[in-house]
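Peer 1: Take a look at the letters that make up each chain.
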Amino acid sequence: VKSLNLALLGLGVVALGGLGVWTILSVSGLEAVPCHPPLFQPHPPAWLSVGACVAAFGLGHLVGRSRRRQLLWRPRPRPRPQVALYVHLALVALLLVGAGLLAYETLALAFNTRFWPITYYVRCGAESAAWATIPGAAVVYFLVGHWLWFPSRPDLDEA
Amino acid sequence: MFAPAILAALTLTLIGMLAALAALDFWFELKGWEPIGDRIQTWARRYPALATILALIAGATVSHFFWPK
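Those protein sequence lines, which keep their order, are chains A and B. Numbering of the first sequence is given in the numbering used here, commencing with residue 1 and proceeding in unit increments. Numbering of the second sequence is given in the numbering used here, commencing with residue 1001 and proceeding in unit increments.
Quick caveat, the hints were computed from the structure, so don't treat them as lab data. Each residue gets a CB set at the ideal place from its N, CA and C atoms; glycine is no exception. Treat the hints with care, since some could be wrong.
Stated by the list, open to error - Looking from chain A toward chain B, a few residues come up when the C-beta cut is under 7 Å (computed): (1) Gly10; (2) Gly12; (3) Leu16; (4) Gly17; (5) Gly20; (6) Val27; (7) Ser49; (8) Ala90; (9) Leu94; (10) His146.
Same shape as in the complex, but just chain A:
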C-alpha cells in the first residue's frame, strides 16, 4: 500500500504541476477566448467529468483508508514540531484561499460582474481542453478523498 500511495501521490504532484505550468503557458499565448459562456458544449459529456471526479474521490479514500489501517501495526513518528507547524499553516492557508475563491464565485455569479466566475474558466477548460481539465479535476478530488474522511472505527481513529 505504501508503494501505491507513493506512486499515486507522486503522479498527482506531477499532474498538478504540469497542469499549472501548461495553463499559464497557454493563457499567456492566447490570442482569442476559446469559448463563449454561458453556452458550453462539453466534450466529452458532463457525466464523464463528474464520474471521473467521483471515482477519483473513491480511489483516494480507499488508498488513504488502507494506509491508515496499515499504520495500526506500525505507528509512525510525527515530523518535527516546526515542520508540523508549517503543515498546519499550509492547511489553514488552503482553507482561506478556498473560502476566498468561493466568495469570488458567489459575487461574480450573483451580481453578474464583468469578470467571469470560476465556473466559466473550468467549463471553458472542459470544452476546449478536456484532456487536461478532467484528469486535473480528478487529481484534485483524489487528494480530497485521500485526506478528508471520517475514521469510523475507534481503532482507526487512534492509529
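Once you have looked at the hints, place chain B on chain A.
Peer 2: For chain B alone, coordinates are given in the frame of chain A:
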C-alpha cells in the same frame, strides 16, 4: 470577461497549494512520518459538523463546475 490574470492567479493559488501539500505528503510518506491525512482525519473526528460542511462543499463544486444548465 475572460481575464488571463484571474486564471493565472487561480492556477497558482489553488493548484499550486494543492500540489505543494501533495508533495509534502509524498515527502512524509517517503520519510516514514505521520501523513497529512491523519491530521485532517483526527480533526474531522473531533469536529464532524465542520468536516461534513467541508465535504458537502467539495461534493457540490463537482456538479456546479461541470454540469451545464
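Peer 1: For a quick check of understanding: which of the numbered hints are violated here, in increasing order?
Peer 2: The structure conflicts with no hint, since it agrees with every one listed earlier.
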